[in-house]
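Chains as they are written, first to last, in my numbering: chain A, 1 to 255; chain B, 1 to 288.
For lysine-lysine, the following DSSO-like pairs were computed, each having C-alpha atoms within a straight-line distance of at most 27 Å:
| hint | chain 1 | residue 1 | chain 2 | residue 2 |
| --- | --- | --- | --- | --- |
| 1 | B | LYS91 | A | LYS220 |
| 2 | B | LYS225 | A | LYS129 |
| 3 | B | LYS91 | A | LYS129 |
Worth flagging that the hints you see were computed from the coordinates, not collected in a lab. Computed from a predicted model, the values in this text were never measured in an experiment.
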Amino acid sequence: MFERVGRKILAISQTTGEMLALLAETVYYFKEAPRNLPSIFRQMAEVGVETFPIAVLMALFVGMVLALQTGLELALYGTQEAIGAIVGLSMVKELGPVMTSLLVAGRVGSSMAAEVGAMEVYEEIDALKTLEINPVRYLAMPRLLACLRAVPALAVFAVMVGILAGGLVSAVNPQISVPWNVYYDNMIRVLSYKEIFKGLLKATVFGGIVAHVGCYVGFKTSGGARGIGRSTTRAVVLSFVLIFIADYFLTRLML
Amino acid sequence: MSKEEKKSKNHNGILSKLTHGLTASIYEGCDCRSTYEESRGVGISIVDLNKSFDGNPVLKGINLEIAAGEIFSIIGPSGTGKSVLLKHIVKLEKPDSGRILIDGQDIYAPAKERSSRDFRYSMVFQSSALFNSLTVGENVGLWLREKRVCIETRIRRIIREKLRLVGLEGKEDLMTSELSGGMKKRVAIARSLAMNPDLILYDEPTAELDPVTSDELARVIMNLKEKVNLTTIIVSHDLNFALYLSDRVAMISDGQIVEIGTPAEIKASTNPTVRNFIYTTTKGIKGE
Numbered sequence: 001m002f003e004r005v006g007r008k009i010l011a012i013s014q015t016t017g018e019m020l021a022l023l024a025e026t027v028y029y030f031k032e033a034p035r036n037l038p039s040i041f042r043q044m045a046e047v048g049v050e051t052f053p054i055a056v057l058m059a060l061f062v063g064m065v066l067a068l069q070t071g072l073e074l075a076l077y078g079t080q081e082a083i084g085a086i087v088g089l090s091m092v093k094e095l096g097p098v099m100t101s102l103l104v105a106g107r108v109g110s111s112m113a114a115e116v117g118a119m120e121v122y123e124e125i126d127a128l129k130t131l132e133i134n135p136v137r138y139l140a141m142p143r144l145l146a147c148l149r150a151v152p153a154l155a156v157f158a159v160m161v162g163i164l165a166g167g168l169v170s171a172v173n174p175q176i177s178v179p180w181n182v183y184y185d186n187m188i189r190v191l192s193y194k195e196i197f198k199g200l201l202k203a204t205v206f207g208g209i210v211a212h213v214g215c216y217v218g219f220k221t222s223g224g225a226r227g228i229g230r231s232t233t234r235a236v237v238l239s240f241v242l243i244f245i246a247d248y249f250l251t252r253l254m255l
Numbered sequence: 001m002s003k004e005e006k007k008s009k010n011h012n013g014i015l016s017k018l019t020h021g022l023t024a025s026i027y028e029g030c031d032c033r034s035t036y037e038e039s040r041g042v043g044i045s046i047v048d049l050n051k052s053f054d055g056n057p058v059l060k061g062i063n064l065e066i067a068a069g070e071i072f073s074i075i076g077p078s079g080t081g082k083s084v085l086l087k088h089i090v091k092l093e094k095p096d097s098g099r100i101l102i103d104g105q106d107i108y109a110p111a112k113e114r115s116s117r118d119f120r121y122s123m124v125f126q127s128s129a130l131f132n133s134l135t136v137g138e139n140v141g142l143w144l145r146e147k148r149v150c151i152e153t154r155i156r157r158i159i160r161e162k163l164r165l166v167g168l169e170g171k172e173d174l175m176t177s178e179l180s181g182g183m184k185k186r187v188a189i190a191r192s193l194a195m196n197p198d199l200i201l202y203d204e205p206t207a208e209l210d211p212v213t214s215d216e217l218a219r220v221i222m223n224l225k226e227k228v229n230l231t232t233i234i235v236s237h238d239l240n241f242a243l244y245l246s247d248r249v250a251m252i253s254d255g256q257i258v259e260i261g262t263p264a265e266i267k268a269s270t271n272p273t274v275r276n277f278i279y280t281t282t283k284g285i286k287g288e
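This is chain B alone, in the form it adopts within the complex (with noise of 0.2 Å):
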């Protein structure tokens, strides 16, 4: 078997799958992994979950369909299982019952039962959630140089590539204490990115941000939506957001999805739930 030949049947099987999602990361003394550079969008498909906190169901059989490189949002007023369902997504809990299928692999499942996980994902959180003993580019390049991704250089060279992305270019030594609440959100945003994701989520990614920095993080997700292959959750309950960017949104109101749809088939919902948070979300001016 020639060289290419091995490589393309590497690139095709197990081996790839696994390094793709970088698995069983371990520094090779390569420039950078080849399947670090590829990201492809992941489906997913949510099949009837619940859960519930101290006997108070939060999420009541959920039936989601997410396709791959889709910007999807789930919207809803506060206290209605958005973040809870987003934190499913990433196994940052377990459902009472029901299952998270991403590229059809159940990642509930016990571990004997599911191949290696073949995907990477992450999440910029509400908090932003960035790391207050580091600076800006330690931050973003944690994930590289924990998994040893990449040789140090480049990995320099990928942090300054991801700030300028999120429009921070030449800000990696600053400590996260010195930037703003939009800055931190970028920086937020940065980190996730330098994973090259198959699959990123957004928990409450206007959350204490202006009017015109939210405007900045839709042109920043956007931008990515065209330069970057991946599937987009957004949680908001930031309607004119959501509606402005994603190929479709999703509600949901005391734990059950009640209306799914693109914007525009939202805006024209006449589901009382939906109808009341659209009006209630966009109130305009007093009198008008």
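Bound-form chain A, shown alone (with noise of 0.2 Å):
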């Protein structure tokens, strides 16, 4: 049993420091940005453009349920009133860039560990290697950079028509009945650039995972058309956990 924990701390260990070391190259290679635009625009396309009737649909309904469930609750005891602020401040602060960074992970992560995957199985990478084109600069570096900007623009996108959905059932729901004007003035009341810009870095901080965690699973994919499965898979479950733990200590630096 110990042999087995022991082998299990090993495998997060490397695990760990292969993504660090993966992070790192990634960024030194940052600075070849204005070279690959054409790539990072593409990227950006594929992760903004194609994802946002989805996102926006997801926020419709994230808004209409938080609205739905949160009004009814609080008309209980008379303080309706109140739900613009609790919308709001949920959207931006938690479910705008989680639940977009979620929606991004499971469709735009999985399809890059499983691109990059099959670059690696089918000698793709090693081709490029040949040809003297890093695999890290050509491949990592747009999609991380194509991330950190998509993944926020799509959350600013996601927390607005969060926040109409609520508006519209707070103002349509005869239990809970709050006009607009009132929904509006509440969550302004409590909204601060503090708290956008503190969204909009976790979205960043999101975006990023979900690009560093496909690009590294890919990586490692061996194993034919079982292993870019796999490493699907596995590139969705390692995001969805890593923006979790991410949520909890920013969420905690930033009280």
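Reconstruct the complex from the two isolated chains, following the hints.
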């Protein structure tokens, strides 16, 4: 048993070390970003534009459910005017960044791991090396930069849609019945630029985690089609876990 | 010192060597780097090379001398370490011990102990390893664009030239998923040739190819030998292909070189391992 635990600890330490080394190398190649702009924009389009409809849909229902559940509870005590503040703060500080990042992890992170993993399995990464093209610069750097830019942008839209949807439910539902101006005033009173910055910072960090995990898992892929499938799942699970861990520590740090 | 003298001094000096290897590739605004146009064969020495995977020895004390400009084939059954040996030459694997010298330079020596690489190599992979997200033209021109060797109009011209060399003229805009196995292999060769390499390595070039396409491929490699001065190393278990093309052939078995010689010498070898490989590879017609 001790041997098994020891092996697990060694494996976790190795993965952590490799991930940090890859992150350092990827960040080092940020200086080459200007010559890789087409690739970065292509990745941003994939992360941002193509995830946009589903992110909006998700935010719409998250905002509506949040307003409905919270509003009904608050209505029991006659304090439903506070719903704007609650929905606004929840969306900006937590739900917007976290839900968007989880969505991107499921949709984009998995496809990054599959794409890079397939390149690893089918010798394309080796081919890049023989062409004297650094795979980290060519593959990981554009993806990381794209996610660092696109995920916060997606989160902004998700937050806006969530807040609007919450406002709509609050106004339309007869049991809550909070007019838009009351909802809006309450929300504005508690939302400061600082809170918005915190939410954006979280989304940026989570975006970085999704891209970095996708690339790392992709580079470590082996074992043919089955290996690619395993990598896809591993990238999603690892991204989710790291997003939740980072969420706690970021929240703690920014209290 | 006159301009001509300066140019000549540069041509023979360290700068020329560096730009030939394009180790310090930067865009210079000229039509094309002069050193890109030239390619020269490089000599290779492999000295006592050993490699194990998980304690299982794959290469055992390999010693080889490959002359500059030579077409050299490494033959042998599957799983005997041929591709691993090739990967060592292009630095995709690191040996446990031993040395590989290209033009007298130990490629595994620590960076501070060796000068910058002054040769270009490329490899044609068994699976072709084309980039699926890129078109045929983008695949062929990838190295030129990434290293900014030439201006864009010249790059397009080179792509057309290299595709013509492998019989795929006008296919620049196709996606790699639209190509047959043989076409993919030829695009991979064109991509390698776009580097104007001094050394080109083929890993199982005829794998998954029908005999007619294999024959075409052999013609492409022979043509290159006539037109371009480069060293060619082919790893294959296709004996006929290797014997037809090569200046010399080495047979590898169980991680060791068991025979080296010209194709005629290999065919006439009395080594039982070689004879066994030759006679199980070319069976002829049953009953004849």
